[in-house]
Structure formats: structure tokens, C-alpha cells
Amino acid sequence: MALLEIKNLHARIEDDGREILRGLDLTIDPGQVHAIMGPNGSGKSTLAYILAGKDGYEVTDGQVLFDGEDLLALEPEERAQKGVFLAFQYPVEIPGVAGMTFLKTAINAHRRARGEGDLSTPDFMRRVRDASDRLQMTQDMLRRPINTGFSGGEKKRNEILQMTLLEPKLAILDETDSGLDIDALRIVSNGVNALRSPERSMLVITHYQRLLEHIVPDFVHVMSAGRVVRSGGKELALELEATGYADYESDAA
Amino acid sequence: MSVAPRSLKTEPELALAEQYRAARAILPGSTAVARKRDEAFAVFEGLGLPHRRVEAWKYTDLRALMRVAVPVADPPGAVAVSASLAGADALAGLDRHRLVIADGHFQEGESSREALRAEGVEVATLADFLAVDHPRVLAILDTPAGAGEDAMTALNAAMATDGVVVIVPAGVTVSKPIEIIHVSTTAEATASYARSAVQIGAGATATLVVTRTGPLGIGYQANTVLGLSVGEGGRATVVDIAADGDRSQHLATFSARIAAGATLDHLAVRAGAGLSRLQGFVSLEGEGAKLTASGANMLGAKAHGDVALLIDHAAPAATSRILYRNVAKDQAVGSFEGRILVQQVAQKTDGRMMTNTLILSDDAEFAAKPELEIYADDVQCGHGATTGQLDGTAVFYLQSRGVPRPEAEALLLRAFLAEPLETLGDAALAEALGPILDAWLAGAAD
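Keeping their order, the protein sequence lines are chains A and E. Quick note on the working numbering: the first sequence kicks off at 49 and runs consecutively. Quick note on the working numbering: the second sequence kicks off at 14 and runs consecutively.
Each hint should be verified, as a subset may be incorrect.
Below, a list of computed lysine to aspartate or glutamate pairs in the EDC-like style, where the Cα atoms sit at most 20 angstroms apart [stated by the list, open to error]: (1) K152/A - D74/E; (2) K217/A - E117/A; (3) K282/A - D295/A; (4) K102/A - D166/A; (5) K282/A - D73/A; (6) K130/A - E141/A; (7) K130/A - E215/A; (8) K152/A - E384/E; (9) K203/A - D404/E; (10) K71/E - D363/E; (11) K130/A - D109/A; (12) K102/A - D404/E; (13) K102/A - E422/E; (14) K152/A - D73/A; (15) K217/A - D295/A; (16) K102/A - D77/A; (17) K130/A - E420/E; (18) K303/E - D363/E; (19) K152/A - E117/A; (20) K152/A - D363/E; (21) K152/A - E422/E; (22) K382/E - D74/E; (23) K102/A - E420/E.
These are calculated hints, taken from the structure and not from any lab test. Given the structure is predicted, the values throughout are model-derived calculations rather than measurements.
Produce the entire structure from the sequences given, and follow the hints as far as they go.
Right under this line is the structure:
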């Protein structure tokens, strides 16, 4: 059975009624890595937010099934607990909430949803240390308030740290390469690749082919004007790099 | 101050006059003190209860809000005091000295005067202090500088039954916090008037916790005044905890004089309900004096909470940092008025005032009024105020990590309220205060 099945999804922005998704179809099986590429404004980030359950969008038609269940009927926290993880393009700074407190709260919320008890502090510390070492994050970064004063690269590493600890079934990476220098890109990509497994699927949203040299997808889709207009293997990304999005943008107009 | 002439007195004003006449003969103090009390009461009578046309009390129209003046409390019995204290410890687990004032009367048996004396700290009761015939004694009944003519501090001077006078001599560092706790013990609504003074000598260091508490469901009325002075190079940390009952009326006044090179860190943690006002008059009167004044101000149910601060820069190169965080929910009404006054002599002043408010329900109200009044030309001063709701993006970020919405909101509210606690620079004390925030937030989730 498909892990994620998006059928004919139409959605608009609640405030101004602007239609962003216009009949999007996408199916992801367990263990697959799919990339979505497309020009700015094609609806890539909107798709990520709608899957994660952000307010401000109205789904007007279509369906999203996650493990066969109606994903859109769930609260954002329920989606997370069932295994959806969104790595934000712009991770949110939350002054005053210590990173460690947040990680522990999030991990335990997942455990409680599964009917498990809270993680002991030593177990928690060990998991965080293991995961943060791999991402070359310092203890000082973890003690600071969430993302507060972090560089772009530190924020993205923090997203991958959370993803590592929360062990999602579906990781949605929204422009994870934006704002990263080449070293940070390598660290982040290695972190993501370490999480690839037959039980975990990924949806990698990116504007540039560069990220896909590091996180090599099984499938590439091109999105334009709120729909998937072309699908193919990883070679499609290279083709796009050569030709640009001009063809797709004129389609949209 | 311009106050419209009035001839009609309200019921509570008439009752207060009656109470003063009845209490006059038994209130503690020398003949000079009695004279001073009469003068103070005359000031109160002339002004009457503060009302909305009195600028300093604009957000607490006591004339409209105070419907009755309940009878003055008698000195409580020891059993009632210990029972009330048992249920009123907001700081369980914090090692400290305690000075207990119940219904306006010092409680020797519940207080650690001997332990303080062993540290070199002198503690007299206000009643004993007022019996001494000395001009300095009379000064304790003065209205704080900067308060102008303030009806309610004058009423306190007239009616003050007891309190403590704490003297930390020069150079002494007190090993643990000194708590002055004001508790109301009576099952019937009663009124109390306590007045205290704390003097921290030059180069001395002390932490003071002032707690005000009382039972739920009882309309007790408390009026407390605390005068603090910090000598040259001295260091005082003051935590002011309002944890009063939901029907109470508590008017609290503090004044502080900070000498050259001295530091005062003041933190108000306000989780009480009922009608409460904290008015503070701080004078940075020595060169290079430093003040932080922070507050975590929590207002729920039908609470009316008012904070009014005057920060007077009266000497050069002093620093003030004001940070108040306010949360209002349900039908609560609150206000923060803060004024930094920079006198002409106070060149090189560095003053900052910020107040941030979250309003969590349609029916809650909050007014913020930060002000600067500057007469010197070489200063750095700023103020700001923000009002809003919880950041929806932050709530979603936490939810997207599996944290249920109520928990996410509580986490963000706690972070918002905890920031002022961090300005204390005393991690153990800040941690001991955490449960007050948690308890309020747990109630807030209802």
C-alpha cells in the first residue's frame, strides 16, 4: 500500500481565496525518496504546509491518504505523531523555550501517542548526544532557546536533528538546501541519508538540482501552477538544471 | 495634582474615618507618631479614595471599585496563623529566613528573628520602632518621594498596626533570602495595614522576598507599604510575589532609594486575583546606581491588576532596565504604567523600559502606558510596548513536532513569562518561582 496518496488536491489561501494547488496527484510508497522541483510560486511550499496541517489554507477538492487514513482530518500534532515530519524552509525561532526542553516534550508527546511512557532522562540525553554528534552540533546549541540566534546552517541541522529523534515515516524537506554553504549542505545531506530506510519515505522539495546530488531521489516531479506536470527518474533533475524552468513557467501562464 | 473639589463622601470613606477614630487610641507609637498619623489621615480625608481623574490611579478607580470598607482585623491567634501559613507557601523548598506578618501583626513565633540576628541583621517590629521618640522614626511614615500626595499610602501611615524594620549593616552579606510574608487569616473579610522598612547598608548584600497571600472567597482588604534603601555599593534583590485570594483587595506600595554604585534587582511575580495594585517609586539617587525592575504579570478570571512604576533618575550615569510581561485572559483587566523620569542632573542616564502583553481572550483588557520624561540632554533612553496574541507560527512549529496544541501554548506562555525571572541573575531563586507560573498556567488551560 502507498504511504502517501494525494489525489486531485485543490487548495486556496483562506485570506484572499487565491488558488495555489490545482489538481495535484502524487503517490509515494514506503522507502521511496521523491523530489519535487519547480519554479517559485508553483505551490511547492504550500503543498508541504498543507500536508503538515498549517492554518490558513482551504482544501476545496481532492484527498490525501496517509497509511490509508484521511490525513487532512487530523490536527497537526496528530499528523506528526502518526509519522509526518516537515523540515521547515524557515525554522521558527522560539525565544525562551530551551532546545532540550522542546526535544524532550516532542519525543514524549510521540511516545504518549503510542501509549508508551516518557523517556528517562539518561536515555534521552544519550539519544540526543548520538544524533547531535553526527550533525556536528554543540551542546551549547542545544541548550540555547530553539533556533534563537542560530545561523541558517545551524537551523537546518536542528531540523534534521529533530527528524532523527522523531523517526518519521514521511519526511518532507522544504527547501532544506536554502541558505546552506557547501559544508553545511554536506552535513545536512549526510544526516538525511543516514535516515533513509525501507520504512521511511521522503519528499524533498527544492528549487535547485544541487541538493539532489547529495540526496539522490528515486523519482523527480516537476510542479507548475499547482500541479505535477512531469515525472521521471533522477535524470530529470539534471535535464531541468540544463534547460531551466522557462518551459514550465510559460505553461503556467 | 489637580483634584476636583468634592463634598460628598462615599460609604467606604465614611467607614474608614470611623475606623480611624476608633483605632487612634490603640495604634502604636509615641505622641509625635500620633500627631503624624493625624496629619496622614487628614491627607487621606482631603483626597478621598483615588478615582479615575487622579492620573496616578487612572486604571484603578478605587472610588468605584471599593464598595465597602471592611472592619480592621484584630491580632490573630497563633493557631489561625500557622494554619494559614501551611497552605500558603508559594516557595516550598526554598531555604530562607522568614518574617511573618498576619492580619497586619508581626508573628514572633513564626519568624526567624534570632537566626537573622546571628547573621548580624537587626529586626525590630514596627510597633516597637514607633514607640521610640526620634525624628528618624517618624520618617518611616512619610509618603514615598515621587508619590506626591497619595491617598492610600497616607491611609496606611495613619492606620499601620505593625510590620518589620530590617537593618542589614554595612558590609554584611545575608546567607539566604529574607521573606516578609503578609497573610490574611480571617474567615470574615477584614482589613489590615502593614508597613515595613528594609535598610541595606553600604556594601551589604541581601535578597528579600515579599509575599502577599490570603484565602480564596474572602473579600479581605490589605494595604501594605515597604520602604527600601540600598547603601553605597550595596546589592539588593527583591522578589515581590502577589498570590492573593480571588475576592481580595490588595494595594501594595514600595519605594526604593539606591545609592551610588548600588544595585537593586526587583522582580514582581503576580499571579493573584481579586483587585490588586503594585505601585513602586524608585529613586536612583547616587551616581552609577543600577536598577532592573521586571515583572511576570498573570491576570485571569475577573482579576483587576494594576502596576504603576516611577523610576526617578536623580543622579548621573545610573542605569535602569524595566521589563514587564503581562498575560490577560478570561475577563481580567490589567494595566502597566511605567515612567522613567530623568532629572537635569542625571546626565549619562541609560534607561530602557519594555512591556509586552499577550491577551488570550476577547473579554480580557490590558492598558500599557510607558513614558519617558527627560530633562537632561546627554542620555540614552527608550521605551516600548507590544500587545498581541500567541505567535501562531510558533504554535504550529511545536504542533508539527507532535506537541498537542494546549501543551504548545502553555510552553510558549511559560517562556514568555519566564524571561523576566531570568533578569534576577539568581538561578536558584528563579527556579523556586517557576511553580508559581506553572500553577497559574495549569489553571489557564481550564
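Please verify whether K152/A and D363/E have alpha carbons no more than 20 angstroms apart.
With Cα atoms ~40 angstroms apart, K152/A and D363/E exceed 20 angstroms; violated.
With a cut-off of 20 angstroms on the C-alpha distance, tell me whether K152/A and E422/E pass.
holds, 16 angstroms
Sort out whether D166/A lies within 20 angstroms of K102/A, counting only the CA atoms.
violated, 27 angstroms
Do the alpha carbons of K130/A and D109/A lie within 20 angstroms of each other, as the hint requires?
Given pair K130/A, D109/A is violated - Cα atoms ~23 angstroms apart, limit 20 angstroms.
K102/A and D77/A: Cα distance at most 20 angstroms?
The hint is violated at about 24 angstroms.
Against the 20 angstroms threshold, does the CA-CA distance of K152/A and D74/E hold or violate the hint?
Since the Cα atoms of K152/A and D74/E sit roughly 46 angstroms apart, the hinted pair is violated (cutoff 20 angstroms).
Need the status of pair K152/A, D73/A: alpha-carbon distance at most 20 angstroms?
With a Cα-Cα distance of about 36 angstroms, the restraint between K152/A and D73/A is violated, given a limit of 20 angstroms.
Check the hint pairing K217/A with E117/A against an upper bound of 20 angstroms on the C-alpha distance.
Distance of about 14 angstroms is within 20 angstroms: holds.
Between the alpha carbons of K282/A and D295/A, is the straight-line distance 20 angstroms or under?
holds, 19 angstroms
Hint consistency between K203/A and D404/E [alpha-carbon to alpha-carbon, up to 20 angstroms]:
Cα-Cα ~19 angstroms, so holds.
Would the pair K152/A and E117/A pass a check requiring their Cα atoms to be no farther apart than 20 angstroms?
At roughly 27 angstroms apart (the allowed maximum being 20 angstroms), E117/A and K152/A break the hint.
Given the proposed pairing of K130/A with E141/A, does the C-alpha separation stay at or below 20 angstroms?
Given that 20 angstroms is the threshold and the Cα spacing comes to 25 angstroms, the pair is violated.
Hints 1, 4, 6, 8, 10, 11, 14, 15, 16, 19, 20 from the earlier list are contradicted by this structure; the remaining hints agree with it.
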